[in-house]
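K.L.:
Going line by line, the protein sequences match chains R and C.
As numbered in this note's numbering, the first sequence has no gaps in its residue numbers, which increase by one up to the final residue, 567.
As numbered in this note's numbering, the second sequence has no gaps in its residue numbers, which increase by one up to the final residue, 133.
Just so you know, these hints were derived from the structure itself, not from any lab.
Fair warning: this is a prediction, and the values are worked out from it, not measured in the lab.
Keep in mind that a hint or two might mislead.
Said to hold, decoys possible - Derived CB-CB ranges, DEER-like:
#1 C/Val65 <-> R/Leu371: 36 to 46 Å
#2 C/Ser96 <-> R/Gly468: 46 to 56 Å
#3 R/Arg528 <-> C/Ser90: 24 to 34 Å
#4 C/Ala122 <-> R/Pro553: 14 to 24 Å
#5 C/Gly97 <-> R/Gly412: 50 to 60 Å
Beta carbons: idealized from backbone N, C-alpha and C, even for Gly.
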Amino acid sequence: MFVIDPHVHMVSRTTADYEHMAMAGVVAVSEPAFWAGFDRTPAAFADYYRQLSEFEPQRAAQFGVAHYCWMCLNPKEAEDLGKAREVMSLIPEYLKRPNVLGVGEIGLHKNTANEMEVFRRHVQLAIDVGGARHRLILIHTPHLEDKWRGTRLIIDMLKEFGSAIDPSRVLIDHCEEHTIRMVKEAGFWAGMTVYPTTKATPERAVDMIEQYGADRVCINAAADWGISDPLWVHRTMLEARRRGHSRSTLIKIFHNNPAQFFGQHPGFTHKPLEVTDQPQMPIELR
Amino acid sequence: MTTAPGATDNAKSSAPPLGDVKVLELYFLKARAAALDIAAMLDRLSRAEEFSGVHADDRRDRLQAVLRILTDSEGDKARRVQETLSVKG
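Pulled out of the complex, with its shape left as it was, chain C reads as follows (with noise of 0.2 Å):
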């Protein structure tokens, strides 16, 4: 189990409540919905930028940038997309 930097001692060495066939029961269409929504959202944004001309700001960059981390082999997913999009300094 990969385990977030400060979890406790009993959470590192006790089995997860969920296996993984039942989290895929669970959450998978939940997933699917919200993979849906963000592919349908960078449709919306491409088709307005593609109208103005312009990109907008720097958000469309950084939900790009916390793609990269859904898609790649680390763990800790959640705790790296919060930082990705958190004001830092």
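Pulled out of the complex, with its shape left as it was, chain R reads as follows (with noise of 0.2 Å):
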């Protein structure tokens, strides 16, 4: 089984991750820009973000795992407006880059005016960047009590920017069973996160695909320097075929999904594949 793992911090995992990662059939990453657990000075997010499009790319290439980013500010650094402004402006020169997916994951962590502020100015980055068609952007939503509010929030912003927003080629991580519903009705892409205790389980992840649909929808396990295991997207995946799902769905779900978003920016090569399903054969033919 191919995966594609749309949301990853690698930066915080070892190798052996990438390994691990590559055996159980992963061939691309999508790494978001993050918090690092503390605020940074503008001149580490410059070292951070050449980690993240130079360095990191080269350890998951030792295994043929292709690594693609994404640039931002993150929503937890976003109340210094200043920091912000001089952060952003070190962004534009990297969207250049072909392993550059777009702007993310931007978003509100604590729903302030300036963590909107800093939201709002991403968005027209994304749009001044693009051209006729805006960058890619991938957006967190808050936390637990924050997450319904928040999430609301991101829409209207971005409802806001009026046809220079297209939902198609935005992603909306984080969803849940309370947020889903008003992610996906109003256009946008759909990510699950799999983070036991804060975010969804396998079980739920699963319910919510048989529930919404498995079209626009990516899982991830947003594996940080939390406790976290980037293989919970496969603790899904097996979830999802223990229950029955057929492996044409499988590959759309954790594969061809991503593929499909990513590959709205012309660096992402990973195509999405074509698979039938065979009828099972009887067990004595095997």
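Two chains, each in its own frame: build the complex with the hints.
P.N.:
Now the structure itself:
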């Protein structure tokens, strides 16, 4: 089974994780810019952006894994508007690189006015550098009690941009039972993050696919420096298999959907796979 | 402190090692996740029953009895849940 991991923070992971992921069928990963666990200086962001776009692809390539990334200032560091302006001035140069898929993971953390201001600036940046079509946008939604309101605010802010924003080029991540409907009904891609305790579990992620459909959804583990594991993606695939979902459905969710969304960027070269579900061979003939 | 029947005198008289705020800090998210798991499982069961038109067996009823224990005002909930889910006799 081939898998594209649509959201993983490999800077926080060991090289052994790349090896494990490759052995488990991961052929490509997408790494959004995020919080390091502490607030950084603008100079540190310059180094971080080089790490994402230059160093991590080399580490991944050792195992035949293609590495793509996203650029932004994450919402947890968005309170200082001056710093945000300075850091964001670095981003356009990186967005020209073929392995940089777009702007992300932007979004909200505590739904503050400054976070919203920086979110709008990032969306405008994606529009300004995109030419005829804005750059792909990957969006983080808040955790826990702030998620519903934050997701609502994000969708409302995106609508402020009118026809300048194409929902099919925006993925709103970390959706759960109370937010996935509003995201999909607004035409955006919905990400589900399997990160037990604070986000979804494999069982609940598969439930949501069964309820809301397998179109325009991506499943990730958002593995980072927390208690997380990139192979939670595979545990979710196992849960879907256990329930009897077909091989073509699994390939759609875990490979082809990310390939379709990311494939809107010309630098992303993994094409959707065609899989035909064969009738099960009787056990005695295997 | 509510103490289980059979607890030692020593356990009855000593203060619990964790204060209430600390208990919430350490275990609220885990309990929240467990509640969501149960809610999602009940939804899953309802969808399946709606499709099949039948109730699978008495395990749903036993789970409902457990949920009543979780929301009542009595203590000693873990023991009572275990007893509710135990084969009697």
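K.L.:
Run every hint past the structure and note whether it holds.
P.N.:
Each hint, compared with the structure:
1. C/Val65 <-> R/Leu371: 36 to 46 Å: Given range 36 to 46 Å: holds, Cβ gap about 42 Å.
2. C/Ser96 <-> R/Gly468: 46 to 56 Å: 34 Å, violated
3. R/Arg528 <-> C/Ser90: 24 to 34 Å: 28 Å, holds
4. C/Ala122 <-> R/Pro553: 14 to 24 Å: 49 Å, violated
5. C/Gly97 <-> R/Gly412: 50 to 60 Å: Roughly 55 Å apart at Cβ, these two residues keep to the hinted range, so it holds.
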